[in-house]
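Chains A and B, in that order, are what the protein sequence lines are. Last residue of the first sequence: 470 in the UniProt record's numbering, with the numbers rising by one and none dropped. Last residue of the second sequence: 470 in the UniProt record's numbering, with the numbers rising by one and none dropped.
Please keep in mind that the hints were generated in silico from the structure rather than gathered at the bench. Do not take every clue at face value.
Same chains, same label: a pair holds when it works inside one copy or across any pair of copies.
Straight line, CA to CA, 27 Å or less: simulated DSS-like cross-link-like pairs of lysine-lysine [said to hold, decoys possible]:
1. LYS94 <-> LYS443
2. LYS54 <-> LYS94
3. LYS54 <-> LYS443
4. LYS54 <-> LYS36
5. LYS36 <-> LYS443
6. LYS412 <-> LYS363
Number of protein chains: 2
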Amino acid sequence: MNLIESLREIVGSSGFVAEGDAEPLLTDWRGRYRGKACAIVKPSSTVQVAQVLKLCAELGIGVVPQGGNTGLVGGATPSEAGDAVVICLARMTKIRAIDTGNDTVTVEAGCTLQQIQELAASVDRLFPLSLASEGSCQVGGNISTNAGGTAVLRYGSMRALVLGIEAVLPDGRIWDGLRGLRKDNTGYDLKQLFIGAEGTLGVVTAAVLKLFPALHSRATAWVALDSADAAIELLARCRAVCGDALTSFELMSRSQLDVVYEHVPGTRDPLDGQSPWVLLIELADPSNDAPLQAMLEDVIGAALEAGLALDAALPASAAQAAALWHIRHIVSEANVRCGISVTHDISLPISQIPRCLATTEAKLIEAGLVDGARFLYVGHVGDGNIHSIVLFPHAAWARVSDADARVDAIGKVVNGTAVQYGGSISAEHGIGRAHRAELAHYKSAVEIDMMRAVKHALDPDGRMNPGKLL
Amino acid sequence: MNLIESLREIVGSSGFVAEGDAEPLLTDWRGRYRGKACAIVKPSSTVQVAQVLKLCAELGIGVVPQGGNTGLVGGATPSEAGDAVVICLARMTKIRAIDTGNDTVTVEAGCTLQQIQELAASVDRLFPLSLASEGSCQVGGNISTNAGGTAVLRYGSMRALVLGIEAVLPDGRIWDGLRGLRKDNTGYDLKQLFIGAEGTLGVVTAAVLKLFPALHSRATAWVALDSADAAIELLARCRAVCGDALTSFELMSRSQLDVVYEHVPGTRDPLDGQSPWVLLIELADPSNDAPLQAMLEDVIGAALEAGLALDAALPASAAQAAALWHIRHIVSEANVRCGISVTHDISLPISQIPRCLATTEAKLIEAGLVDGARFLYVGHVGDGNIHSIVLFPHAAWARVSDADARVDAIGKVVNGTAVQYGGSISAEHGIGRAHRAELAHYKSAVEIDMMRAVKHALDPDGRMNPGKLL
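Isolated chain A (complex conformation) (with noise of 0.2 Å):
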C-alpha cells in the first residue's frame, strides 16, 4: 500500500484533501510564500494525528503542521520540494472541557480563536488573545507561534494562558500533558518547548487554556505627545496609577496617522494638534462599576500639567472609543493603499525605544535606502513591540531598481539596530521560512547549538516542519 492509500485509510475520504482543493493550503494568505505537498489531511481527532505521523516516520516523510494559515512567516507552508506531508488540523474543533471551578478550557488544536473568546464569554470570562486574525487563525497554531496581539501588556503571550498540552511527538507517540495546574513542579516543562516552536518538534492536537474575569468596565485616551519618551514616563505613570487595568498601550507616529486619515474615508483625528506621536490606552475592569474612567483623567491631567502630555481626548461613548480603536486597527490596510511597506517586528527593552528608533533612521537616511519613503510607527509599546515600517509611496517605489536586496538592506539596518540596542528581531511574528537565515546571523552560536540540539532530541530525524525555524 502505497503513501496516498496509506493516509486515506487513516483520515477517511473526508480527510483527505483532493488535488484540485489544494492550492489554497499550499500558500500563505498573503501569497508570498508557495510550496508543494505529496499529500494534505485533514486528520479528525488525536488518534489519527499519530496515525499520520508513525506512517509518515516509517517512510521517512516529513510533516508540515498548518492551523489557520495566517502566519506572516511562511511557517506553514510546505517547500517547494513537495517532499512532506500537510497536516491541516481545522477538523479537530472539539471543546473537550469547560471548567468554571478551575477558568480553564480544554480545546482541540484547531478551533479558532474566536470561538475560544466565544467560549470564555459564555461563561462570563475572557479569554484574552486578541489578534486581527482572530476569526481564522487557530488554537494549535497561536501555540505553535506564541501569538502576542494587543492584550500581552496584561496578560501576556500565548505561553502565559497555556497551562497544558497534548501534542504528537515525530515518531507518532502521543504525550498526553494536558493538566490544567497553575503549579507543577515536577521536571522540565515540556509544553514550553511546543509554545513557539512552529511545528518543529511535533504536531500539538489540544491545549487547557487559563480563562479570566470577564471585564464589564472600559474606559479609553487618546494622548498627544512631543517625543517617544514621553510615552515611556506616562507607561509608568499610568502602571503606577491604574495597576492591572492598564489593559492597552499603543503607540502610533503622526506619520503613520497622517497615512490612515489620507487613505481611510471617515477617519480623522480627534484631537488638532500636529503632535509627533498618539498613544491610545486602554484600562478594563471585571467589575461593572470599576472607577477606570476617573482614574484616567487623573492620570492624563497629571500628565498635562506636567507638560509631559500636550493635549487629550477621552471618549464619552463606546461609539467614540470604538472610532479611536479604528484608526489603530486600519493602519495596515491604510498602508497597502498608500504605497509598499517594508515592515519589521521588532521588540525592545522599553526604555531603549526612543534612542533605537532615532539612530535606526539615521543610519537608513545614511545609506540611502529610504530617499522618498516615509518612517512610519505603530505598535504595543506597553510590550516593548514596535513595528517599524518604511513606507515607499507608489511613486518612491517605482524609482526602487532591485526591490528585494533593497529590502533586504533596510532589514538588515532595522534588525541589527534593534539588537544592538538589545531588541529581538521578531517579537511575536516568528522565523518560519522568513527570518531563518536572519535567526543564525543574530544568534549567538552557543543558543543555535542549543536549538539544535532541543531540536535533534526530539526529532532525531528532522521531519518536522522541514526548513522552518532552524
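Using the hints provided, position chain B relative to the given structure of chain A.
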C-alpha cells in the same frame, strides 16, 4: 596539577571552601539529606563558573550547583559518593542593571530574594515573589526551582517573572540569554528549560527579572466557611469583582487553626464560630486610594447574604491584618510543636480540590494509615496548591512502628489520589532527591522519555546535579 589545585587557581583562596567550613554546604538546612563533595567552590564571576565547569568537563567530574540551600527536597545536596564539585553561587551578588523604564533588573544568581525585593522597593517597584525563606534563598535557586509562594495567584511563579537568563553550560560555554524583552518569538524559549531544571542542565549565573508597580493600598479579610466548595465559589466571585487586585487567597482547615491556637501562645481566632474552613483574602493595588476595603466588604457581604460565607472579620488596621497573617505564617512551626507532620505539596485543578481531599482522607482511613493523626490543610487555593498534611501528635507517632514505611505509604495514597484527580505531586517544592523515584512512577513513559532526551541533549555526560530530578 590536580583538581583541587586547579580549582583553587580559578576561584582564588577566598573562593575555596576549606574542609572545616564544608559541613553546612553538604547538608540541607533541615538536616534530612547529607552528602560529600570532592571540593566546594564559591566563584565570584560567570567567567570563574565557566572555568570551573570546563575543568570538571575535562576531568569528567559531576557538578552540584547550590544557592541559598533552603530547598525542601535535597536538590542542592551532593550525593554520598563524594565524586562531585559543589558550586556555591553566594559570592555572585552583583546588581548588573536597574532599568525602571523597562521595569527590569539584571542580577546575579547569588543575590537573595530579599535583596531583590528591597532593590525593587527602592525604586518604587515590586518584585512579587515572596517565600518564607526570602531572607536567605537566592535568585539562582528561585529560578532553578521555579519558586512559588503566596503571590502566584496574581503574578505567577518564578517562571513568569524571568525575562532572560545567563547560564553556564556543562561544557563550560557561557550562554548569554540576558534579554529584557516581553515579546521575543525567535525560536525555542531556552530559558524555560533552565527554569525549574534544578541545576540538571547547567548553572544559572544571572537573570533579567520583571518589576511591577509597588503596592500602596491593601485590604484583608478572614472569612469563615462551611466547606471547601464554598471557598472555590467565593474565589470565582472575588475574581469577578476584584479582578487582578486579588493577591492572596489562602485556605486553612479548622484542624490546622486548632493546632496553631493550641501551640502558639498569643494566637486567637478573630471569630467566635468553629467553621470547618477559613479563608485569608488579600487585595492590593498600586494606587494610594484604591477602594479595596469597600470592594472586599461588598463581595463578602454578598457571600454572607447568599449563605456562602458563615462569618467574616475585616481588620481595621494594618496591625490587625498582620495578626491574621501571623496565624497563616506560623502553621509550620505550630505543627512541629504538635507532633510529626507528613506533608505533601500537591496541586490540583481548583475545581477538584474538595473531592480529592475527601477521597484521600477516606482512603487513608480505610488503609489504617492514620490512627490518631489529624488531617490538616493549608494552601494557596487561588492557584490550586494545597499543602496536605497528616499530623501525628507525638503520642500517636510513638505508636507507629515503621516510620519510613508509614510516611511512604501515606505519600503513595495522597500523591496517587492527587494524580487521579489531574493533580501534581509537587506543586512548588520540586523533585530533587526526595521525589525522584515517584516521578518515574507518576509521569507517563512518553514524558519521561522526552525529559531524558532534553537532559541528554544539553548534558550528554549526565554530570549536572547527578542523582537529582531524573
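Outcome of the hint check:
1. In the homo-oligomer, the alpha carbons of LYS94 and LYS443 lie at most 27 Å apart only across protomers (26 Å), although the nearest pairing inside one protomer, at 39 Å, exceeds that limit.
2. In the homo-oligomer, the alpha carbons of LYS54 and LYS94 lie at most 27 Å apart inside one protomer (23 Å), although the nearest pairing across protomers, at 51 Å, exceeds that limit.
3. In this assembly of identical chains, LYS54 and LYS443 lie within 27 Å of each other by CA distance solely across copies; the values are 22 Å between and 33 Å within a copy.
4. Proximity of LYS54 and LYS36 under a CA criterion of 27 Å is satisfied intra-copy only: 21 Å inside one chain copy versus 47 Å between copies.
5. In this assembly of identical chains, the alpha carbons of LYS36 and LYS443 never lie at most 27 Å apart, being 30 Å within a copy and 39 Å across copies at closest.
6. Taking CA atoms no more than 27 Å apart as the test, LYS412 paired with LYS363 passes inside one copy only; the shortest distance there is 11 Å, against 64 Å between copies.
Against the hints set out earlier in the document, a violation occurs for number 5 only.
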